[in-house]
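Colleague: Can you build the whole structure from these sequences, using the hints too?
Listed below, chain by chain, are the residues.
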Amino acid sequence: MRDPLSRRTFLKSSALAVAAIAASGSAAAAAEQFSAGPGNEPDDDVKKVLREKFGTRVIREGHITLDVPDVAPDSREVPLLIESDLPMTPDNYVKGIHIVVDHNPDIYLAGFDFTAAIGAATLDTRIKMRRSSAVRIIAETSKGELWTTSRFVYTSLNGCV
Amino acid sequence: MRDDVGQGKIILPVKIARNSVINIRALLSHPMLTGMSRDQAGIPIPAYFVNDVVITYGGEHVAHFEWSSGISRDPFVGFSLRADKEAPVTITWKDNKGGVYTQSADIKFAVA
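Going down the list, the protein sequences come from chains L and W. Per my numbering, the first sequence starts with residue 20, numbered consecutively. Per my numbering, the second sequence starts with residue 2, numbered consecutively.
Derived from the structure by calculation, the hints contain no laboratory data. A portion of the hints provided could be inaccurate.
[Said to hold, decoys possible] Partial chain L-side listing against chain W, Cβ under 8 Å, derived: (1) 108; (2) 110; (3) 130; (4) 131; (5) 134; (6) 137; (7) 143; (8) 146; (9) 147; (10) 179; (11) 180.
[Stated by the list, open to error] Taking lysine to aspartate or glutamate and the EDC-like style, the derived pairs with C-alpha atoms no more than 16 Å apart in a straight line are: (12) L:67 - L:132; (13) W:10 - W:107; (14) L:72 - W:67; (15) W:16 - W:87; (16) L:72 - L:132; (17) L:114 - W:67.
For glycine and all other residues, C-beta sits at the position ideal for the given N, C-alpha and C.
Modeller: Rendered as structure tokens:
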């Protein structure tokens, strides 16, 4: 019994550490729920950009898959892989793919216009992100339909340099 | 300033079958500056980025990309193309300071 206090403080601190780990786990779960729910809802600035680009046309979810890391290792180079199962025939094809990042200085990041000669609406590129934000992909068909998908991407540093 | 701006390449699949949809990858050396950063003396570095990319296949317009400075440095883009003729694919990159860079690659079908 030379140093009973150190043992007591050790036990206390380890108990605190366990509690902290448990709390961080529940915080991560809460963050995920947020991104799946209201976090993916576009804010007013994004809605304005979408209205300027697409007017009042309805943008529906589906037909687009976006492959992007949940946590970007380097926010200066976030890889995006976009694929679509929409038809690519001369009378009905994907006319354009648009990339919208909610919290970037340029919300409308890039537009890719295609013709039917492309054969498949796939796209592979790398973008910069200022901070954790939703990445939205909007595909426009030659018939005027709009299809979208979005993913929330966590980043650490400002990549817009 | 870098001296390799405008160099790039187009990567085609090794074997291309007639009428198949191939994946083309293109890369360009370009700093893609947003205009939001400053140098060590605190002077803002002006924006300098590729904002217009046109792709033609055998002289026909195939795709057109409109970019902001949000595309990463040394821009990379991969896209599909239906290889229905033996013809060159040409990519013309234009930046906001008037630079025009052109690359070309010939699509040739593998001998069956």
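Colleague: Output the numbers, in ascending order, of every earlier hint that fails for this structure.
Modeller: Numbers 1, 2 and 12, in rising order.
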